[in-house]
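Peer 1: Okay, here's what each chain looks like letter by letter:
Protein chains: 2
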Amino acid sequence: MKMSNLFFQSLREVPNEADSISHQLLLRAGYIRQVAAGIFATLPLGLRVTQQLETIIRSEMDVLGAQELRLPVVQPAELWQASGRWDSVGPNLARFQDRAGRDFCLGMTHEEVVTALVAGIVQSYRQLPLLVYQLQTKFRDEPRPRSGLIRTREFTMKDAYSFHTDEASFETTYQTLYDAYVRIFERCGLNVIAVESDTGMMGGKAAHEFMFLTPIGEDTLLLCGSCGYKANQQVATFEKPRAASKALETLEKVATPGVTTIEALATFLNVSKAKTAKAVFYMASPKAGEESFVFAVVRGDMELNESKLSAQLKATTLRPATAEEIHAIGAEPGYGSPIDIKRENVLVIVDDAVAASPNLVAGANCVGYHLLNTNYERDYKTDVIADIAAASDGDACPNCGAAMRAERGVEVGNIFKLGTFYGEALNARFRDAAGELKPLTMGSYGIGVGRLLACIVEQYHDEAGICWPQQVAPYDLSLVALLDKRSPEVFEVAHKLYQQLSEAGFKVLFDDREESPGVKFNDADLMGLPVRVTVGKRGLGRGMVEIKKRDEQERQEVKLEDLLEAL
Amino acid sequence: MKMSNLFFQSLREVPNEADSISHQLLLRAGYIRQVAAGIFATLPLGLRVTQQLETIIRSEMDVLGAQELRLPVVQPAELWQASGRWDSVGPNLARFQDRAGRDFCLGMTHEEVVTALVAGIVQSYRQLPLLVYQLQTKFRDEPRPRSGLIRTREFTMKDAYSFHTDEASFETTYQTLYDAYVRIFERCGLNVIAVESDTGMMGGKAAHEFMFLTPIGEDTLLLCGSCGYKANQQVATFEKPRAASKALETLEKVATPGVTTIEALATFLNVSKAKTAKAVFYMASPKAGEESFVFAVVRGDMELNESKLSAQLKATTLRPATAEEIHAIGAEPGYGSPIDIKRENVLVIVDDAVAASPNLVAGANCVGYHLLNTNYERDYKTDVIADIAAASDGDACPNCGAAMRAERGVEVGNIFKLGTFYGEALNARFRDAAGELKPLTMGSYGIGVGRLLACIVEQYHDEAGICWPQQVAPYDLSLVALLDKRSPEVFEVAHKLYQQLSEAGFKVLFDDREESPGVKFNDADLMGLPVRVTVGKRGLGRGMVEIKKRDEQERQEVKLEDLLEAL
Numbered sequence: 000m001k002m003s004n005l006f007f008q009s010l011r012e013v014p015n016e017a018d019s020i021s022h023q024l025l026l027r028a029g030y031i032r033q034v035a036a037g038i039f040a041t042l043p044l045g046l047r048v049t050q051q052l053e054t055i056i057r058s059e060m061d062v063l064g065a066q067e068l069r070l071p072v073v074q075p076a077e078l079w080q081a082s083g084r085w086d087s088v089g090p091n092l093a094r095f096q097d098r099a100g101r102d103f104c105l106g107m108t109h110e111e112v113v114t115a116l117v118a119g120i121v122q123s124y125r126q127l128p129l130l131v132y133q134l135q136t137k138f139r140d141e142p143r144p145r146s147g148l149i150r151t152r153e154f155t156m157k158d159a160y161s162f163h164t165d166e167a168s169f170e171t172t173y174q175t176l177y178d179a180y181v182r183i184f185e186r187c188g189l190n191v192i193a194v195e196s197d198t199g200m201m202g203g204k205a206a207h208e209f210m211f212l213t214p215i216g217e218d219t220l221l222l223c224g225s226c227g228y229k230a231n232q233q234v235a236t237f238e239k240p241r242a243a244s245k246a247l248e249t250l251e252k253v254a255t256p257g258v259t260t261i262e263a264l265a266t267f268l269n270v271s272k273a274k275t276a277k278a279v280f281y282m283a284s285p286k287a288g289e290e291s292f293v294f295a296v297v298r299g300d301m302e303l304n305e306s307k308l309s310a311q312l313k314a315t316t317l318r319p320a321t322a323e324e325i326h327a328i329g330a331e332p333g334y335g336s337p338i339d340i341k342r343e344n345v346l347v348i349v350d351d352a353v354a355a356s357p358n359l360v361a362g363a364n365c366v367g368y369h370l371l372n373t374n375y376e377r378d379y380k381t382d383v384i385a386d387i388a389a390a391s392d393g394d395a396c397p398n399c400g401a402a403m404r405a406e407r408g409v410e411v412g413n414i415f416k417l418g419t420f421y422g423e424a425l426n427a428r429f430r431d432a433a434g435e436l437k438p439l440t441m442g443s444y445g446i447g448v449g450r451l452l453a454c455i456v457e458q459y460h461d462e463a464g465i466c467w468p469q470q471v472a473p474y475d476l477s478l479v480a481l482l483d484k485r486s487p488e489v490f491e492v493a494h495k496l497y498q499q500l501s502e503a504g505f506k507v508l509f510d511d512r513e514e515s516p517g518v519k520f521n522d523a524d525l526m527g528l529p530v531r532v533t534v535g536k537r538g539l540g541r542g543m544v545e546i547k548k549r550d551e552q553e554r555q556e557v558k559l560e561d562l563l564e565a566l
Numbered sequence: 000m001k002m003s004n005l006f007f008q009s010l011r012e013v014p015n016e017a018d019s020i021s022h023q024l025l026l027r028a029g030y031i032r033q034v035a036a037g038i039f040a041t042l043p044l045g046l047r048v049t050q051q052l053e054t055i056i057r058s059e060m061d062v063l064g065a066q067e068l069r070l071p072v073v074q075p076a077e078l079w080q081a082s083g084r085w086d087s088v089g090p091n092l093a094r095f096q097d098r099a100g101r102d103f104c105l106g107m108t109h110e111e112v113v114t115a116l117v118a119g120i121v122q123s124y125r126q127l128p129l130l131v132y133q134l135q136t137k138f139r140d141e142p143r144p145r146s147g148l149i150r151t152r153e154f155t156m157k158d159a160y161s162f163h164t165d166e167a168s169f170e171t172t173y174q175t176l177y178d179a180y181v182r183i184f185e186r187c188g189l190n191v192i193a194v195e196s197d198t199g200m201m202g203g204k205a206a207h208e209f210m211f212l213t214p215i216g217e218d219t220l221l222l223c224g225s226c227g228y229k230a231n232q233q234v235a236t237f238e239k240p241r242a243a244s245k246a247l248e249t250l251e252k253v254a255t256p257g258v259t260t261i262e263a264l265a266t267f268l269n270v271s272k273a274k275t276a277k278a279v280f281y282m283a284s285p286k287a288g289e290e291s292f293v294f295a296v297v298r299g300d301m302e303l304n305e306s307k308l309s310a311q312l313k314a315t316t317l318r319p320a321t322a323e324e325i326h327a328i329g330a331e332p333g334y335g336s337p338i339d340i341k342r343e344n345v346l347v348i349v350d351d352a353v354a355a356s357p358n359l360v361a362g363a364n365c366v367g368y369h370l371l372n373t374n375y376e377r378d379y380k381t382d383v384i385a386d387i388a389a390a391s392d393g394d395a396c397p398n399c400g401a402a403m404r405a406e407r408g409v410e411v412g413n414i415f416k417l418g419t420f421y422g423e424a425l426n427a428r429f430r431d432a433a434g435e436l437k438p439l440t441m442g443s444y445g446i447g448v449g450r451l452l453a454c455i456v457e458q459y460h461d462e463a464g465i466c467w468p469q470q471v472a473p474y475d476l477s478l479v480a481l482l483d484k485r486s487p488e489v490f491e492v493a494h495k496l497y498q499q500l501s502e503a504g505f506k507v508l509f510d511d512r513e514e515s516p517g518v519k520f521n522d523a524d525l526m527g528l529p530v531r532v533t534v535g536k537r538g539l540g541r542g543m544v545e546i547k548k549r550d551e552q553e554r555q556e557v558k559l560e561d562l563l564e565a566l
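Quick note, the sequences are listed as chains A and B, same order. Residue numbers are given in numbering that gives the first Met the number 0: position 271 of the first sequence equals residue 270, and the series is strictly consecutive. Residue numbers are given in numbering that gives the first Met the number 0: position 538 of the second sequence equals residue 537, and the series is strictly consecutive.
Bound-form chain A, shown alone (with noise of 0.2 Å):
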């Protein structure tokens, strides 16, 4: 390709929305073009990497036997109410009503228009297990697009998904799509790591997250140095310290004038934060129009973890109760405890650390005052004890006691047991070797291309721009010839070298431009091909041409008639 032809056009400014360095590189050197908030036109460049990048995946999924097809974007709302989505996924989904007043939404995963598919063909356990993947267009209405390709509205995914008998089936597949997301992000050159993680709207039971660690990651994920145990923070347990087993003392009522922080508190009182309890308000909705209240209670030298107690409470909304909400249950907000408040339509969960210590200080659900020595079963009852409390960096592995660290991380691919979730509320059932009809056991499999590429955009560049692996880049070359009007056979010279890399198999960005050559070279570094050979009049009066690899400093000169060899 002659850059003089090619559609693209570099920016030296930082465009000012572009907060990630990947979102800053991408559109600089002309990979893409922001079209909404979330939405981005790919120009010629980003789609090269974008195919190369869908070559890799398709080639990883052939190899499993996955079958390729397409299912529609466009997708009727009967399938996504069957499953109850409809209604629990929340305004990510967007919906609309076709002409004649039907209603459809755009398709943010496909479990639905899968599983229904698949009943309408898979009768037999004979035709099971399958797989089959497409990579599709989706579309979330998230409501904070950022860091550019990293969290779109619009984007294409590779969707996998796999249908099974039984559990023993799945798992087996499990392992190989698990295996076949190492090798396809090992393949892209990205480091990436495999963390345990939380269902959330996939109404699954168990999951992988293959994460990206940067610090511009979203999630925050919890990794065991030394046991290798890994989790996102939604699921991450942790070996909660112990609280000393003591008898129990006097329910005592005190006054705490203005003290409504567990930090606070602790100072006041004059003790660790570990022998207090935190009381968290919500407003909890297992479908949508029901709502309850939820009293939450941790430890106070613990958070809260919302995607744990959603999970617990299997809730599909969850939002902070209001001060008048608090107030109707007999509670207070700062000062509240699970002792003696209203319990209808009041669901108490609390944290198992919370349970197992005796003699904390919680609030007198009273302005200014405190209870010390509360306990629970003495003092108050609950509907569910569980973790429901966030594991943070220092905390113990909870395999093997050793200290874990917290880092952030992308989400660039991700690995679901979905169970018989789908196949029981689509009725997607076949029959067994006994001819009994039983439901699909069901598997669901995304990476994020767009994502991905960001991501790779991340982990390499520097500070004049991208240098991609060679397996990813857009063109294998920059040609930079350094024309001049003075010296004619630069370009006849580089131009026949373009024609002879071209026919040699390589893919080669011929820059023809009239430029000077700190413009070439600017935007050869900018859009970060692994090589740049460049033919200049100095040169060429030797005989010589110029290689530069984009991630080494050094540049090598080498004969006209050597350079293919060398390459």
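It is worth saying that the hints were derived from the structure and are not from the lab. Only true hints are included.
You can't tell identical chains apart in this list, so a pair holds if it fits in one copy or across any two.
In silico lysine to any residue, SDA-like type, Cα no more than 25 Å apart, as pairs: (1) Lys137 / Pro90; (2) Lys137 / Ala99; (3) Lys1 / Lys547; (4) Lys506 / Gln50; (5) Lys1 / Pro128; (6) Lys137 / Gln50; (7) Lys1 / Asp178; (8) Lys558 / Asp524; (9) Lys137 / Ala76; (10) Lys437 / Gln8.
All figures in this text were calculated on a predicted structure; none of them were measured in a lab.
Here the structure of chain A is known, so what remains is to put chain B in place on it, guided by the hints.
Peer 2: For chain B alone, kept in the frame of chain A given last:
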């Protein structure tokens, strides 16, 4: 691919909803499944054909130096408002509001988005001409999806866009695209003709459509076998039979009780239909919210062409006027003429043949009466005289006068001359060599991939199923093993052949299922791979296997060891 693994199921029954051969066969042979009206899932077999077509299309685009990119499906309303199409397109454009209440639509075509993108990158005539394309999902909320993939609501389209400094540059590219389209359809094996066509909602200046001739087509085409003139009826012109020039005779009102059609009138008065004038009444909108009455007159021997009328009026919508609206202007349904009607907010448009024909019989705007000897100019004035009559089968070619024939066709591709419409509307300008700012001149070029696939099936099938042309078939051959529990060697030999043929580069679909020979042969015929190789116990006994071409009756036995060569 082993058929025991293929995600596929053939149907013996013709599905009720399938209203064309391609729809029936693609459903029955397991290429597609319907998800909702006009919305399909493409199964692995269908996707393989789709990808073959996409490869052919890409290669012909790339040869032209066209650069592939990817534009978003979801598009902001502002761009469509800028072009005016947000209002003019109507309910075919699917719209929704995002979570913040901003208006978006699903791209049914991408002129606006690509023009805005190009405007941000192209500043100088040096960057022109530019040709870009994409293969992307489109959504059009068609009122009547039909014929399977022939008229869907969601579909994959190859859309290309070219940008130019001027008409001369544009014309060159337009011809290049025209030729590329001819090659694409040739390579797909589809018999297609190019016809002049309407610009419809595209806002352009001229257009060609590539038409596959078939009785199920929704378009009518006028074709001249003599000089080669070819046009969609929407724009086809014809040499109108001239009326003999005659002295104007006296206007005379005659009673014609109960005579409300041209046929009845001609019979009642014993004149030819060519001696009568027919009034047709419409309400037309140049844009949403504004309507005016249109009084159109054509000769009684011709039909009015609504596309030509719309084009003359620059109307975005056109609907028949109600009896009430007709009475309001002083006319009478069944007895209308433009003589003595109210002219306020009424546009009178008269076909040129009417204006040139003396002494026509027309209505008297009064129930039961007609006027003899009405004459344009003497008896009434008009706002517009233009060609608004429909060419039909047998009409004379506008170029050579030979009788044209009318045929039905399906549009599989189109190319549009858009002029500076979008350049002006979206303020997409470049600086010419003199430094002056000028709007971009533009063309757009589309091919519906799914519709192309369906038309190939319409052309290539027989009673037993599809007969794919080699170059687009999902696999090269069906390898049918006639399994027999008493002869395990059938499977062994077939499996070995499967491996050998695959290694030799053939794309083989290996029917290894435990099904009867009848089922296997039926499925192979239905599915339509170009060659079937059968391995059975009887033949193997003599060291032979059978080869049969899908489109021939003859079967050929070859020695096992000669099979590769024979293929």
